[in-house]
Amino acid sequence: MNKTIFTIMKKELARFFRDRRMVFSTILLPGLMIFVMYTFMGTAFSSQTEEQENYRFRISVADLPQSIEKIAEAQNLELAVVEPSRADEVKKQVKDQEVDLFVLFPQNFDEETAAYQVSSGEEAPNVEIYYNNASMHSQGAYDTMIQLLDNYEGTLTNKFDYNQGEKEYDMATREEEVGSVFSSLLPMLLTIFLFSGCMAVAPESIAGEKERGTIATLLITPAGRGNIAMGKIAALSLIALLSGASSAIGTILSLPKILEVGESGMNAGIYQWADYLLLTVIVLSTVLLLVTLISIISAFAKTVKEAQSYVTPLMFVVLLIGVTAMFGEGAQKEWFYYLIPVYNSVQNMVALFSFEVSGLHIVLACVSNLLYTLLGVYCLTRMFNNEKVMFSK
Amino acid sequence: MKVMLEAKELCKSFRLSAREQKLQKTDQRIKTAVDHISFQAYEGEIFGLLGPNGAGKTTTLRMLATLIRPDSGDAILDGASVIKDAEQVRAKVGFLTSELKLEEFFTPNYLFGFFSELHQIPAQVQEERRKKLFDIFGISKFAETKVADLSTGMKQKVSLAVSLVHDPSIIIFDEPTNGLDVLTAKIVTDFLLRLKEEKHTVIVSTHIFSLIEKICDRVGIIIDGKIAACGALDAIRDGKSLEDRFFDIYLEKAGDINE
Ligand SMILES: Nc1ncnc2c1ncn2[C@@H]1O[C@H](COP(=O)(O)OP(=O)(O)OP(=O)(O)O)[C@@H](O)[C@H]1O
Ligand SMILES: [Mg+2]
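One line per chain: the protein sequences are A and B, in this order. Throughout the first sequence, residue numbering follows the numbering used here, covering 1 to 393 in sequence. Throughout the second sequence, residue numbering follows the numbering used here, covering 1 to 259 in sequence.
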């Protein structure tokens, strides 16, 4: 490697790693914060669902037919029987959220349903269910009751069944299930983490040096400006990568906690080391590109603050591209999508996490990202050579 | 005598922003900072650029140090052109101005090493120079203190040492004694004289007459972006004090001082 690139790189890394506060806030803190936050969210989430599961609905019923009473008993659903004459009073209780649900059956429900013929064209017996949409428990009780009645109606005219018995009908493997969750979440999160990693270091190193007047000291040395640009980009990418990795590790460690609802054993162990290697390659080419882009934008700015505000639009674009991973059916199949910067990495990550990885797509993305990076380095070099950009006051 | 530095018809103008126009009370959009400046400096001499505020001294020196490009004209430093061989010029020249800052986070020791590496100085030579320069400026005592924690004078000394890591044949120094106390200023001027003895070429810019009289062999008086007079110090002085001569020349070239 060219000696100047290496010297510049070493200095940038020394600047970063000798500064304990910077290491803490850029590398340790993001991962730690994400882990604590997600774990906390996961715990709060699961304790809430637990509370809901243990809740006993307060359901009042008038004219409870025997058929329904039996089913309710079998389902361990408590029904408080009230006189139909008290209907108005109970409705008010539902309104005041003192009772979750009030079900008013027609008198002689069982006889009427037995006698009713669909083909007669007459109105069917009608069950009135009063609920309160403002209460979560009332909604839950309503859904439970509707399901119970639907099931009962099904048994009355039982012509066919489906998925009876204990057989496994969902053909998705455990891996695919986890993969689909990971592939919708992780590409977006990783993209955001990488971007914020780049944001944490690039403006400081480019606009910061302009702001403090240290870039001029560098520019009067015989160090080639292209070498300065490359050295900086290499070092900044490395730091951004570490920062992104810290956030990613925090996420992966806390993901089982947050997704625990109903599923256990959710973890990243389903991927092979080859998958992680490919992920590293994708991420590396993305970071190089992002650092270069942010560096170029920062070179226009006079201060770090200004650089950060110039970069904000780019941040929104990258964010939007990351969000696209959550929609759509798997990764794009056409090759040309993999030439679009940032989008190509997001799509490759989607493919990777859902076990559909394509070598061609990864190569296309990495090569095009490298080309964009080289183009960017060229631009940055031009900017280092431009006194109007470097010494703007 | 060998010509080490030759400025040939250097020109530089700046586009003024609306705010700058207001500040400088002008409605011209273009400010000509340096207007066809030519001069020569010889090996082993100290050449002084003397001029009032805003005359174009710093702009001239920045062009010589390849920090900015001349609009027209050229300068040849030890055979290298600032236009065509900027990188060679940078390897031959040591430039010092308050505009060039050191990264405050690092120590003098680290910075000396860093800039030596950028100049591709062999490790052993680095150590010899480090010792010599740190001794001259008394940097050794605070060589491991972060630049941020140093006083203005100490920072100035470190900047000086760092700008000389490559033992440049030409040293360009903008306002060498600005902001220094008399003791530090003396260390700096003594050092400039020592450089001269060692056959280096030194270019300084200043508005301080006594400094010019103390150290310069030849002087160029620069007024309003033009060289108003240039020659050996004694020839310029012409029997008077430099200060008196300066006012004569100034009145002749620029008219009323209060204009
Ligand atoms: N980047 C710039 N943009 C606009 N005008 C500039 C710029 N640099 C210098 N000038 C103008 O050029 C003129 C010469 O400036 P210069 O700094 O060379 O003067 P100087 O002789 O060094 O003065 P001083 O003794 O005050 O340092 C001034 O009028 C200044 O305002
Ligand atoms: Mg000046």
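The hints are simulated quantities; they were obtained by calculation from the structure and are not laboratory data. Be aware that a few hints might be false.
Stated by the list, open to error - Partial chain B-side listing against chain A, Cβ under 7 Å, derived:
(1) A65
(2) I68
(3) D71
(4) K84
(5) E87
(6) R90
(7) A91
(8) F95
(9) F105
(10) L251
Ideal Cβ positions, reconstructed from N, Cα and C, are used throughout, including at glycine.
Do the hints match the structure? See the list:
1. The beta carbon of A65/B comes within 6 Å of a beta carbon in chain A, closer than 7 Å, and the hint placing it at the interface holds.
2. The beta carbon of I68/B comes within 4 Å of a beta carbon in chain A, closer than 7 Å, and the hint placing it at the interface holds.
3. The interface hint given for D71/B is violated, since its Cβ lies 11 Å from the closest Cβ of chain A, which is over the 7 Å cut-off.
4. With a least beta-carbon distance of about 14 Å to chain A, the hint placing K84/B at the interface is violated under the 7 Å criterion.
5. Checking E87/B against chain A: minimum C-beta separation of about 5 Å stays under 7 Å; hint holds.
6. A hinted interface residue such as R90/B counts as satisfied when its beta carbon comes closer than 7 Å to some beta carbon of chain A; here the least separation is about 4 Å, so the hint holds.
7. Interface hint status for A91/B: upheld, as the beta-carbon distance to the closest one in chain A is roughly 4 Å, under 7 Å.
8. Interface hint at F95/B: satisfied, since its Cβ lies 5 Å from the closest Cβ of chain A, which is below the 7 Å cut-off.
9. Proximity of F105/B to chain A holds as hinted, the smallest CB-CB distance being about 6 Å (cut-off 7 Å).
10. Hint status for L251/B relative to chain A: violated, with the closest Cβ pair at about 33 Å, above 7 Å.
Violation of the numbered hints given earlier is confined to hints 3, 4, 10; the remaining hints are satisfied by the structure.
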